[in-house]
Structures are given as structure tokens and as C-alpha cells.
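Visitor: Kindly produce the complete structure, drawing on both the sequences and the hints.
Protein chains in written order, with numbering that gives the first Met the number 0: chain A, 0 to 292; chain B, 0 to 412; chain C, 0 to 718.
Hints in this document: simulated from the structure, not taken from any laboratory. These figures come from a predicted structure and were not determined experimentally. Just to be clear, a hint being listed does not mean it is correct.
What the hints assert, rightly or not - Just some of the chain C residues that point at chain A, by a computed CB distance under 10 Å:
| hint | residue |
| --- | --- |
| 1 | A115 |
| 2 | L120 |
| 3 | V130 |
| 4 | K285 |
| 5 | L286 |
| 6 | V298 |
| 7 | P303 |
C-beta: ideal position from N, C-alpha, C; glycine also.
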Amino acid sequence: MSLVLQLVISGLSVGCLYALIALGYSLTYVVNGTLNMSQGQLVMLGGVLMFGFAELAHLPFLVSFAVAALLVGLLNLGIERLAIRKFDKGPNSIEWVLSTIAVGIIIQDVALYFNGPDEGVTPSPVGEGMLRIFGAGIYWKEFIFLPVVGVLLAILILFYKKSHWGLWLRATADNRTAVEIMGVSSNKIVAVAYVLSGLLAGIGGALMSTNYAVSVDIGLPLGLKAISVAILAGVNNPKGIVAAGLLLGVAEAVIGQYVSTAFREMFVYGMVILVLYWKPTGLFNARKTAIKV
Amino acid sequence: MKRAAGKRWILGMLVMAMIWVLSACGAGGKEGAPADASAASGSGEAGKEPILIGMSTEATGDNAMNSVNLYQGVQVAVDQVNAKGGIDGRLVELVVRDTEQNPTRGISIIRDFSQKEKVLAAIGGFHSTVMLAQSPVIMEEKFAFMVATSNVPASVESGMPWTFGVRMNANITAQYALKFIKEHFNTTKIAILHENGGYGKGAAAAMTKVLEAEGLKPTAVETFDNAKDKDMTAQVNRAKESGAEVVYLFGQGAANGYVLQAMDKLGWKVPVVGENGTANKGIQEVGKELADGVYAIQTANFNVDQTREPAKKFLDDFTKKFGHIPTTFASAAQGYDGAMLLFQAIEKAGLTGDLAKDREAIRTTLETNLGSYNGVIKEWEQAFTPENHDAVDVNSYLMCVWKDGKLVVSDKQ
Amino acid sequence: MNSFLQKSSGYRGLAASVAAAAAVALLAAGPWLVDTYYLNLMFMIGIFVITCTGMNLLIGYCGIVSIGHAGLMAVGAYMSSFLSTKYGMSFWTVALIGMAVSLVIGSLIAIPTIRAGGVYLSMITIAFGVVIHEVLIRWDSFTGGPLGISGIPKPQACAYTFDLKSMYLLVLVISVAALLLVRNLRRSAWGRAMIATKENEIAAASLGIRKFAAQYAGFAVSSVLAGLSGALYAHTNSFISPDTYHFQTSVQLVLIVILGGAGRVLGPVVGATIIVFLPELLEMEKLRMALYGAIMFAVLYFLPKGIVGTVGDFLRSKFGKSVTAAGSGPFSETAASAVSSESGSFSEAAASTVSSGFGLPVLAAASAGAGATTADFTGTALPVHAAASAGAGATTAAFSGTVLSVSAAASVGSGSEHTALISVVATALPAVSAVSAPRKESMPEREPVASAASESLDAANLLVLEGINKHFGGLHALKDVSMAVASGSIHSLVGPNGAGKTTLLNVISGLYGADQGTFELHGKPFIPRSLSSVSVRGIARTFQHSRLFKELSVLENVMTGMTRRHRCGFAQSLLRMPKQRRAERVMEERARDLLDFIGYVGDRHMPASQLPYGHQRMVEIARALATAPSLLLLDEPAAGMTAAEIGQLEQLLRKLAQNGLTIVLIEHHMDFVQRVSDTVTVLDFGRVIGTGRPEQMLNDPRVIQAYLGAEEVAASAER
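Guide: So this is what it looks like as C-alpha cells:
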């Protein structure tokens, strides 16, 4: 019993990470149907900046956290302007896949140039202590991932439902032209979505660096894993993404224990293929993808 | 319309500027490497052709840190030999290439060394699969190649007359580890946890083979991915359930730390023995005090006072040049000793100027006529023979252990 | 002028082949000119050219960007290496097996990928690439795990063991062959079908081109080539490991194609050369990877057509015929939709540039007299003859049978959609009597022609619809629509915007399925399942906005219409067998005849994107006719045409009807409808509110009320 609990708890904390990163994809996807393929590298950048500010520059934890997240958010504004806007030409254009992959390569190498290949962990303000629940252990620094993801999801949903920008974002997803007619620049809305998505990536990276080692090459595999989470859930469904992220984390632990540790990666991507085969818009997807004409 | 065109131009200029800056930075980096060699040439005889040595390293990728140590170790060797006036009055110059962890690129680099740069010999061999890809091509191009880290036995063994190893051959490491475990922990119940790359796979296969030779089996063999896996609960629990009393851990850096975390969560406390992977600081970054007591098989340790003269000098020169001690001891020491062994062979062989003949002479000298060499790792009397191309044997190892956040020499040897 | 151009292009073609032969000869001398370092790089270029030529087919022609092809290279490499190391089989056998297995795995990828489309398409290929990479790492007994397979034997032939030199020559031969095969394919019906599907899936389907077949063919060729290059690589370098085939390799393959120019035969050669030599030039530079990224980005940003594409366009604009750059990148479906949304401005362009367009004299001559028309028509051996035999001669008593009782009085709504139509109707109504008078006189002239064509057939209905219903969510778009279209008649659908005209057309042509109702074609039950299945039954259509394939020439556009009937086998097209070449010639001749028939005298080899809008519409009709239909559905063909062009269109439609083709027409130009139609059906709010002769219908009180009601609404809105 305690083992199952342990697997679930361990899985949940990794799952939080997947969920957080995958949420970043959903923000951009709903407004203009693009996925930022450099999202993983942005997460890496958030983590590396966090480590640099907190450990090397000795800034206070929260300051480092905020600055790292904001910088990544701003960077994503530039990415949107350069690598997305020109290439987002309609539902079937996928040049942005390639342009953002290129951006990811650039980010990773520039980070390597300045940071070197070292890996580092930022000390968490909650310390190194462990929480024991019925014998199953979880570090406090991992445990706080759960409330953070919960709060971020709640904020995101509130943002969608209550704020002007959130409404415009949703409207853009449904009908871009209609939003333009209302006198709101859809480019601006896309840019806002990208900044928010970058913020999420930065937060994800900074948070991650408190428990996991960050180095310049963690980005790509994380990004690919998170994108499969997003696809499994249905990219435009934030709640579904969080659910899928947590589920995937737990599933990995459970499959690792009871099936094989060797095949769990294959399992994840195999699932993606099967889901896309059977339900091309994702498992939890309520509505179809925003169709643009 | 006009404004849009203007914007596009600005954008274009920006991108061009970026490319220019990037290539400028790159060019700066390029000038950096040969500059070291020529700066040290003060005491050498100018005008003579330098001796070219290939350096196949890895500046990018998930364990580039170890490779950087190897490269730095070689640089110290080159500086020392050039400070003494080079070999036969000719300065040694490194031709450095980055394999990018890409076997295809690795093959091209070997051809580059041999045909375009016309090196006399080369050193490198970091990433295991790159080394395995390079080996058959080295046999075609016929020049001596010093494998200074890659632990996979096959790249030096099995009919490879042109590759030599100053590295921790996984087979020999496993023999040493098993002996150590039996002696100090009095058990043979070993669980192997390894990363799914060539490094971990090679080590796991070697340990399995060594155990099988004694009619034993590892209690569990579990794999993880260095880059992707963050939660090792499943792997560790399976190892725990198998009844293992020692963990033979072959991952890279942080991944090893996650293994320690999982052991902590599961309340499983057994000795952990590893090699370079448990020696570099990733394990300590993640595991913090959990890392204390983890063993790392090395060939040198620079956290302690050096007793042997060459090691002392190496550490001094290294610290002077790079401002810190090596971060992966074995890689730096093996890089230095490997390079020095090559230089000694070149000196003893005596160069004729005929590239093919000289390369052949270097090889035969390494095998038969090298003589004694006193290095960082140990003092060798004829390090290689035609039958044995691995210089590091069971007696060359140094067991290290983490203590208070530092890797020190273990009391148990 | 034309013959001169053809001649000069002939010389140019000869010069090009001589230059290509010289280049290949020089490359073949490579082993004796350069050392193994350069030879190895050239070998790698060859390997990439083989793989990327296949991918070029997939990316450039089919529009499928696969970011998982390294996995397929791995399949070929591992399959052949495993068999040759384990069972000692010869290279030639295992390479074939490797290609076959690669084809099987490629097919597994192709099926969900083609189904998914859009963003998910690339995701599936990425996922497949990752899964294959994982399998390589995990499946120890087959792949050797992370350490890969060592000691792969070199190929042998008659006691000769291949070394790098001979492998290079082998790879050179194979890559030249691959380039030639893809070039052949581009010039075949298969290539045109691929490009057509990529550019406009719906238009391609309406011509009977099945998307799956075309795109699967691209996948199959690229899988086989990837498998082959994998086997060649493995047996040359004696060692393979999973590290060679990860995500980055797949990205690199795509980059080669994009860099060279997707859809350009020589693109992969240029792309691979750059990608192979670049790291050698940069050696140990810092930020090398960033530079690759920047180059990839810069190419996408500034040279969307790639190097070969951009240089090619530049040369053509400098030395060739006047060619203006059409802003279509490698994935130009988007360009097509962008163009169609700006139809207004295009029609203006059409008005100003009629230089290369339609020769009025041709049409005038053709329609001078009924006898002359027939002669002209039969002389050109049009595919329309199929239609003639199906149901010609029905025109005589066309109108008596066509008027179906309308179920209920049309509910004249006050929806705002009506306002748009008001002006059209307002101008159309007064003109009714004036226009219908001369038409009456022209009708008898048609009778002898029709009866001459086929007297044996009775006046029959070609298409009968009964109780068609169609819902879109809560919107009841078609309500119990019943209609009969007489053979050989021109049957117009009119009604305010949103009345359901286009929906009805889409239902008939199989774009949407009907929720309820029955269809009869030639008196037999008929279910319009899909665009392509409807096309097979002899129904062709055009679209509201021009959906020409902009990358294809005018002639090729028309030839795509014949794909279903005249396409040769895939292998024949690849190898350009005599039979296939004959079929191509037949298609080209027919396409020329069709273009003559519609009166097109401009440059036939001009990309369709450069045609004035009005001419695009006409060529589209020619393309629809190329499918040899018995029923032609036209959705607002006159929209965006100049007055002169509308005149030509009218003559063309008459000519077609005289030759026994049945036409269903949606049109807003009421005077045009008056002049050209035999029957008019009025739709409003998804219901049929009347069917009859045009003059009768447009004077029908119910119809007028529908329009007046709309007019009142408009008037009140203006106030």
C-alpha cells in the first residue's frame, strides 16, 4: 500500500512539472493554433536564469524567481514577433514548427555559451526536509509543486473567464476576424498569449530548479514530453492538460514499477500516436480545435 | 506598405547582425585555441613544423563537463612539453574538433585528422558510441588513437591495432568493483542501475559478465534516461525488492542524484558504488548530504594532497592555467597521461617525415618500446603490449568517496 | 513566337542535360581526385541526397513535413545490419529487406499522419521518430541497445569488397537515379495529383483525386529511399548506434530540404552540401549550433523557397519569360486561401491585364452558328462526349417536367443576409422581360443540335433530389429540398445570400453529407459519399472562389482533371515507361483542346497563379470539363469577371449545353441568369420556393414577394 502511495506521490511531483510546461503550449495554441517548439528551451532558460540569479548573483529567492520568469516571458514576445507572426498563415501552415525549432536550437547554444555545461540546483526556501504520508516520502520542495500548479491553473481559468484580455483571447480562438472588427488587434492578443506562455515556462523552469538539476540540455526532452501531454489532453483544454500531466507522471511511475522501466518512454509516445489515431483532438477535448478560415 | 518594407529591412539587418555577431564570437573562440599553443612556444625553436596531434572532444551535450576535463588535461600536457622545447625541437599543436555526440561527425573528424590535417596521432574518445563509430575508421586511416575516457571495452579490444586506452575499461572496472564490494561489504547481491546510453550499458554488461564468471547474477538490472527521467522510484524500488545489498550506479550527474533521492524516500540505505558518473558534482548538487558515503571509482583524486611528483606538478599547472582544480579527476588525469604517453612514443620513435611510416613507428613504439613513464595515475613500466592496449589495470584504481560535500580518497581501498 | 520559345527551351533543356551529365561525370571522378576526408563528406552528401530526395517529395509535393524520418533511416540501417551480422546475408539482399521493412513502418506512420493533418501531422511524425529511437535503445537483442551494432560487413560483389571509394560511386549512382525518379514523378499525373492535393485538398478531391493515394505514394517513396540510405550508411561505416538517429537528425533532414528549396528537384543536393560542409568549416567555433539555428531561421524567413527556388526564380525572371514572383512558399495552400479572399482586387487586375488572356475571336467563331459549333466540338474530340451519350437531347421539353411543386409557401424572412442581395435583385428584375425576349428566339436553334446528337434518348431528368435536409448544429440549412435537373439543360439556383444554394451544391457534390433525402442520377439511386466518389459518377464542379492549383501551369491544371481516367501505375510514372509517356501525351493534347475550346490563347505553361482572376475561373471550368462529366456544377462562375468575360462565359455555357452537358449554376448576376438558364430554382432560407422558366420564375409573385420582403428590410435598415 505504502509502495503504491509512494509511486503515486513521486509521479505527481513529476507530473506537476509536465502539466506546468504543457499549459504553456495551450495558451498559444488556442489563440492562433501554434505550438512554440522552443518551449522546452524556455523552461531550461527559466531554470538556468533562476540558478544564476539565486546561486551565483545571490539575489533573494523571490526576486530571482520573478526576474527569471519575466525575462523568459519577454523573450517569448520576441519569439512571437520574429518566429511566429510571419509564419502563422493559416490552419495548415507549419513553417512555425521549423522556425521555433530553430529558435530552440539558438537559445540552447547561447545559454551554453554563457552558462557552460554545468548543472545546478537552486536551494528551495522550504528546505530539504521530507514529508511522510503513511510511510510514503515526498520532499517539501517537491510537495509545493502541487499547490503552485493548482493556483496557476486557477489564475489561468479566472483570467480566461473574467479578464478582458482573457475574453479577447478566447474570442480570437473562435473567430479572429470578429475580434479585429471589434477594433482589437489580434496580433496584440497573440503577443499577450505568448508573453503569458513564456511566463509559465519561466515559472516552470524556476520552480523546477528548486528540486531538479538544471543544465542547458534539459530543454528539448522536457519540451517533447510536455507536448505529448498537451496532445494527449487536447491542446486547448487547460484543465485536461493538468489532469493529463499528473496522470502521465503517475502512469510513468506505476508502469516503471509493474511493467518495465525500459519501455515507459515508448509507452508515452505510443499513447500519443494511438490517441491521435483514435481521437485526433485529444482525450479530454470538449470542443474541436479553433478553426480559422 | 512602405512602412512594412522598412520594418522588414530592419528585421533583416537584425538577423544579419546576429549572424555576424555569432560568427565573430565563434572566430574569437577559434583564435583562442591555437593562441595557447603559440604563446607557449617562446622557448621552442621557431620555424620548425609543429607536430600535430588530433583532439577529438565534446563541447556540447549532457556530459560535456567530463569531456572538458579531458581536454583540459591534454592542454596541460601540451603546455608542459612545449615549455620544455617540444619534441625534437618541434612544438606540439592540437587540432581540436567537437564530435557533438554525433557518430557521423565523429567519423568525419577521424578522416579530417588523417587526410586533411595529417596528424601523427590523436587523443580523445569520450562519448562511447562516437568512439565505437570512430574505431573502424581509425583502423582504415591507420594512426594511433589514445582513448582517454570511453569505458566501452570494444573500442580498444577485439582486433583494433590502432587504438590504445588510458581509460577505465568497463570490464576491468567491474572486476575491481566486485573485488571491492566483496572485500568491504561482504556480499555479492548487486543491483545495477544504469543510464540507457553507451556508458551505462557498457558498465552494466561488464558487471553482469564479471558476476557470471563467478556463477552469479545481478539481483536486478534497471535502466533510466539521463535527460528524461526525474523520478527513479520505480527503478530503485525494483532494485530494493530484489534484495540487493549494494547498488552499482552508472548514470550521469544529476540522474544519479535522483536515484539517491528515491532511495531516501523509500528508506533504503545500502552502499552505492559508481565511477565518473558518481564522481562529478551533479550527484552532490541534487542529492546534497545524501551523496555522502557514495563511492566513486577513479584513477586520481585532486581534493587531497598529492604525494607523487608528476601529480603535484600537473595539479599546479592545471590550477594555474584554469583557475580551479579539475572537476572530474579521472578524465583530467587520463587525458594528461594519455597525451604524455603519446608524446613519449613520438619522441622514442623518432620522426622521419614520412607520415605513414611515422604513424606505424609510433604504434610499434607504444606496443613494444615505450619504456617507463611516471604519470599522474601511477608509474608504468611499458604501459602497452601488442596483446594489451589498456594501460589502466586493476591496480591503477583509486576508490574515492563523498564526504561533507567533497570527493575524497576512501579509507577502504 | 510560340515555336521559337519551344525551340529555345529545347536547346536550353539540351544544354541542361549536357551540364548535368558533365557534373555527374566530374563527381564520378571524385575518388581519384580527392582524399578520403573529402570523399567521406561527399559520400555523406550522397546519403543525405538519397533520403532528402524522398523527403522532398513528401515536403515539397505532398506538403507533409515529417520530423521523424531519421527513424526510417534507422529502420533500414538496423534491419540490414542485423540480418547481415547475424545471418551473414549479402548486402544486396538485406538492403532490399531493409527497404521493404522501412516501407512497412513508413506506411504505419503514413496512415495516422495523413488522416490527422495540420499541426498534429508533425506531432505524429515526431512521436514516431522518438518511439523508433527508444526501440533502438531498448530492444537489445535486435538492435544491440545503446551500443549499437559493430562489425557490419562491407558489401561484396563477385569476391570484390566495396571500400569507401566504390561505396561512394554506388551512392552517387543511386542518388542520381533517385533524383531522376523524382523528376519523372513530378512530370507525371502522380506528381500533379500530389501538388494538387497539397494546394487544395477539396478542389483535388472534386476532380476525383484521392488524397490518401497521392500522399501515401509520397510517404512510400520517401520511406523506401530513407531505408536504402540507412542500409548504405551502415554497411559503409561498419557501425551504427541510436545516437545517429535522434530527433536532431530528423530536424537536420528537414532543414536540408527547406534550405535547398522544397519542391525543387535539385534542392536536396544544395541543401545537403551546405549541411555537410558547414560543420567542417566551423570546426571548433563556439556557438556553432546557434549559427545552424540562425541559418535555418534566416532561410525560413528570407528565402521561403530555399536556395534553388530563389535562384531559379531569379534566373527565370532575368532570362526566361516574364515571371513575377508568386508569394507561395513550400506550403502554399495558405497562399491559395489568401488569394481567394482578395478576389475583389484580383478582378480589377483582371480587367487591366487582358494581354495574355482569352481570344475573343475564337469564341465568336465557335458560337457563330449552331452547325459550326458542332463541327468545332466534335473536331476537338472533347471528353464531353461521355456526357452527350448519357443524356443529350433532353433540352427539347426541358421545362415541362422540371417544375416540382413547392411544399410550402416560402417563409420570407427579414434576416439581415438579404440586404446584400437587394441591389442585385433590384437591377435584375426590371431587366427580365427585356432579356427573355431574344432568348426565346435563340432556343429553337438549339433543338436540332441536341436532337442530332442523340435522338434515341427521351427527355429525362439527369439528377433528381427528393426531400434533402441538412443541419449545421442548430441551423437548418436545407429544408426538404426537392429538385429535378433535366438532361442537357442549364439549371440556375438563385436566392438571397444564406439561402442554401452553395450548401445544396456541396451536398450534391459530396462535400457535405445530407442528413436526409434521396438522390437519383441517370434514374439510378445515388449517394454522394465524398467529393471524389461523386466525381467518379460524372459530376464536376467549380467553387465560389478560384481554386486553381497555383504552383501548376495552366496546362497542368487542366491535366489534373484527367488524373482519374488516365493516370498510369505508380511504377510506370516513376520510370517514365513508354506507356506512361503515351498517356501523358494524350492528356496534354486533350488539355490543349479543352483550353482551345474555352477560348484560352495565352501562355499554357504559365503558372496558374499569374492568371488574371477572370481567366482563372475559365481555366477552372476547363479543368472541371477534363473529368469528362455529364453534370457540371458551377458556383458563381461570373463573380469577379468583367462584362466582356461574362459574355464569353455565357457563350461557353451555351456551347456546353448544346453539346449535351447538363449544368447547374449558382449566380447572382440576374440578367446573366435570365439569358443563359433553361430553368431557375429559387431558394430562400433553405427551402425551394419555386422552379420554372426564368422569365416565369422571376415574375412569380411568391418569388417577388421574397425579394420585396428583403427589399423592405433593406429600406428600413437604410433609414
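Visitor: Check each numbered hint against the structure and report the violated ones by number, ascending.
Guide: Per hint list: zero violations.
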